[in-house]
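Q: Residues per chain, in single letters:
2 protein chains.
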Amino acid sequence: MIKIGYLGPKGTFSFEAMKKYTGNGPYDAQDYLSIPEIILAVQDGKLDEAIVPIENSIEGAVNATMDMIATEAGLMIKAELVLPIREHLLVKPGTDISGIRYVLSHPQPLGQCRRFLSGQLPYAQTKAVYSTSAAAQEVAEGSNELAAIGSAAAAAEYGLEIAKTDIQDNHNNHTRFIVVGMNDSPKSGNDKTSIVFSTEDEPGSLYRVLDIFNLWDINMARIESRPAKHRLGRYIFFVDLLGHREDGDLRDALIMVSRKTSFLKILGSYPIFREPSEDK
Amino acid sequence: MIKIGYLGPKGTFSFEAMKKYTGNGPYDAQDYLSIPEIILAVQDGKLDEAIVPIENSIEGAVNATMDMIATEAGLMIKAELVLPIREHLLVKPGTDISGIRYVLSHPQPLGQCRRFLSGQLPYAQTKAVYSTSAAAQEVAEGSNELAAIGSAAAAAEYGLEIAKTDIQDNHNNHTRFIVVGMNDSPKSGNDKTSIVFSTEDEPGSLYRVLDIFNLWDINMARIESRPAKHRLGRYIFFVDLLGHREDGDLRDALIMVSRKTSFLKILGSYPIFREPSEDK
Numbered sequence: 546m547i548k549i550g551y552l553g554p555k556g557t558f559s560f561e562a563m564k565k566y567t568g569n570g571p572y573d574a575q576d577y578l579s580i581p582e583i584i585l586a587v588q589d590g591k592l593d594e595a596i597v598p599i600e601n602s603i604e605g606a607v608n609a610t611m612d613m614i615a616t617e618a619g620l621m622i623k624a625e626l627v628l629p630i631r632e633h634l635l636v637k638p639g640t641d642i643s644g645i646r647y648v649l650s651h652p653q654p655l656g657q658c659r660r661f662l663s664g665q666l667p668y669a670q671t672k673a674v675y676s677t678s679a680a681a682q683e684v685a686e687g688s689n690e691l692a693a694i695g696s697a698a699a700a701a702e703y704g705l706e707i708a709k710t711d712i713q714d715n716h717n718n719h720t721r722f723i724v725v726g727m728n729d730s731p732k733s734g735n736d737k738t739s740i741v742f743s744t745e746d747e748p749g750s751l752y753r754v755l756d757i758f759n760l761w762d763i764n765m766a767r768i769e770s771r772p773a774k775h776r777l778g779r780y781i782f783f784v785d786l787l788g789h790r791e792d793g794d795l796r797d798a799l800i801m802v803s804r805k806t807s808f809l810k811i812l813g814s815y816p817i818f819r820e821p822s823e824d825k
Numbered sequence: 546m547i548k549i550g551y552l553g554p555k556g557t558f559s560f561e562a563m564k565k566y567t568g569n570g571p572y573d574a575q576d577y578l579s580i581p582e583i584i585l586a587v588q589d590g591k592l593d594e595a596i597v598p599i600e601n602s603i604e605g606a607v608n609a610t611m612d613m614i615a616t617e618a619g620l621m622i623k624a625e626l627v628l629p630i631r632e633h634l635l636v637k638p639g640t641d642i643s644g645i646r647y648v649l650s651h652p653q654p655l656g657q658c659r660r661f662l663s664g665q666l667p668y669a670q671t672k673a674v675y676s677t678s679a680a681a682q683e684v685a686e687g688s689n690e691l692a693a694i695g696s697a698a699a700a701a702e703y704g705l706e707i708a709k710t711d712i713q714d715n716h717n718n719h720t721r722f723i724v725v726g727m728n729d730s731p732k733s734g735n736d737k738t739s740i741v742f743s744t745e746d747e748p749g750s751l752y753r754v755l756d757i758f759n760l761w762d763i764n765m766a767r768i769e770s771r772p773a774k775h776r777l778g779r780y781i782f783f784v785d786l787l788g789h790r791e792d793g794d795l796r797d798a799l800i801m802v803s804r805k806t807s808f809l810k811i812l813g814s815y816p817i818f819r820e821p822s823e824d825k
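As you go down the protein sequences, you meet chains A and B in turn. Residue numbering for the first sequence follows my numbering, beginning at 546 and increasing consecutively. Residue numbering for the second sequence follows my numbering, beginning at 546 and increasing consecutively.
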């Protein structure tokens, strides 16, 4: 059994991502309360793999994940997975939604469903709780005046009914997750490589690194900066490149990058995620 | 009187930054509860200026500020200001710290003082509240078993005593604030220009923009990406450049940038912040 950790409790979007990743495979899933704890558990050998969110199409980068994978030695990214974030209105089976007086969820889903709430449930009060799973649980144990905002997985987990589907204001809401372990993945022919580096403190040093990728015709799918933490105005950069680190051009480019940076860590190569149904 | 808005209540670090910026000038300061509200108040003409945090040396970019200045038309950055984030242990005057049972603050300062708390107050429970000011107020109105973590301004505002100074684990903790209004600033000879842009959805398009700055010898002080929000994997980029937008080279480079981007907004030119005591 492969031990995999996720951000719990059951019914979170991380739980849903974990189920999508593990499928019917031989996995023993364990829930954790925070991203640093999950990643440290892999580091300490308590877990074989961890699945953690890294970016959302609306909120942006997940800083806790970025900071942990930059600093914790030895871990590599072995897979990525994109999950559509679909928020539903969850109630106890048989509840009449006209009687709902309180809507419970984490502050983020509450904010992402503001238009639905003011349009459809203008007299209901919102109540912020620790997680969408906690909201679902409270609804399951409470009166018919309560509803929660949460995922289909949360509904299934706590025996709730989906009264309204897809109530989020922005329908282009996706979260990308990564799977980290002690190794990355072999070449699949359609791969991505993630790196993190810091440059010398001199003008044009970031440009000179990007120039290397341009010279070797390597495409950049993403660039993010995070503070270097020792001084305001100093950054580390996360870059996702198309290709596998064992491809000749990418390997040569990374050797050159290591000469032009003060710190370089190859976070791993892994297949680019594609929905089974995706055509283009 | 110039009407300026800040993230309140009194005693927050934003309040402290606002006092540092306004000095003894003719300002009427008004506190707001969220960054979007402050920025929209400038847009609507209810405020002349707003001072908002934009990045912290440990936590990184302040997303609410980045997203508002990218999308709200007409506003310009006219100044920047850096504030050291000094967290103190605040108690009612005369309190013996060995009797403290509860330490109150916003979750972020509680997290940033973890080492101090476990070392010096191992038996005290932490309690997360909405803001450091709310924590200070609760301590001021409560028993001698309570302490808050907060700023010197919060101590002054709520009549508390600083029992321990600089209790944050990382002493390189600074926040950069920007002042936005309807105009930016004239040339001072030591300026910075902030822009935001999105590129065409084709390989190498970000590189081609940075290449323009390289050609014109313009130095980049910062680059940040934020999601474009309509699709995962599409970004907008915030870049700070050294120089004023009326400098010949920078002006010419920006004309070229406007030809190579699908969207470009010049957020303003303003003097680079320097502490009065700073030598280099």
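Some hints here could point you the wrong way.
Covered stretches of chain B, going by a simulated chain A footprint (3 or more residues, C-beta under 8 Å) [unchecked claim]:
no., segment
1, 571 to 584
2, 596 to 608
3, 708 to 719
4, 753 to 763
Read the hints as simulated data drawn from the structure, not as lab findings. Backbone N, C-alpha and C fix where the C-beta goes; we use that ideal spot for every residue, glycine too.
Q: If a hint holds in the structure, say so; if it doesn't, say that too.
A: A quick look at each hint next to the structure:
Residues of the segment 571 to 584 of chain B lying with their CB closer than 8 Å to a CB of chain A number 0, which falls below the three-residue condition for coverage. Interface restraint, the segment 596 to 608 of chain B with chain A: holds (7 residues with C-beta to C-beta distance below 8 Å; minimum three). Counting residues of the segment 708 to 719 of chain B whose CB lies closer than 8 Å to any CB of chain A gives 3, so the stated coverage by that chain holds, three being the minimum. Under a criterion of three residues with beta carbons nearer than 8 Å to beta carbons of chain A, the stated coverage of the segment 753 to 763 of chain B is upheld, 4 such residues being counted.
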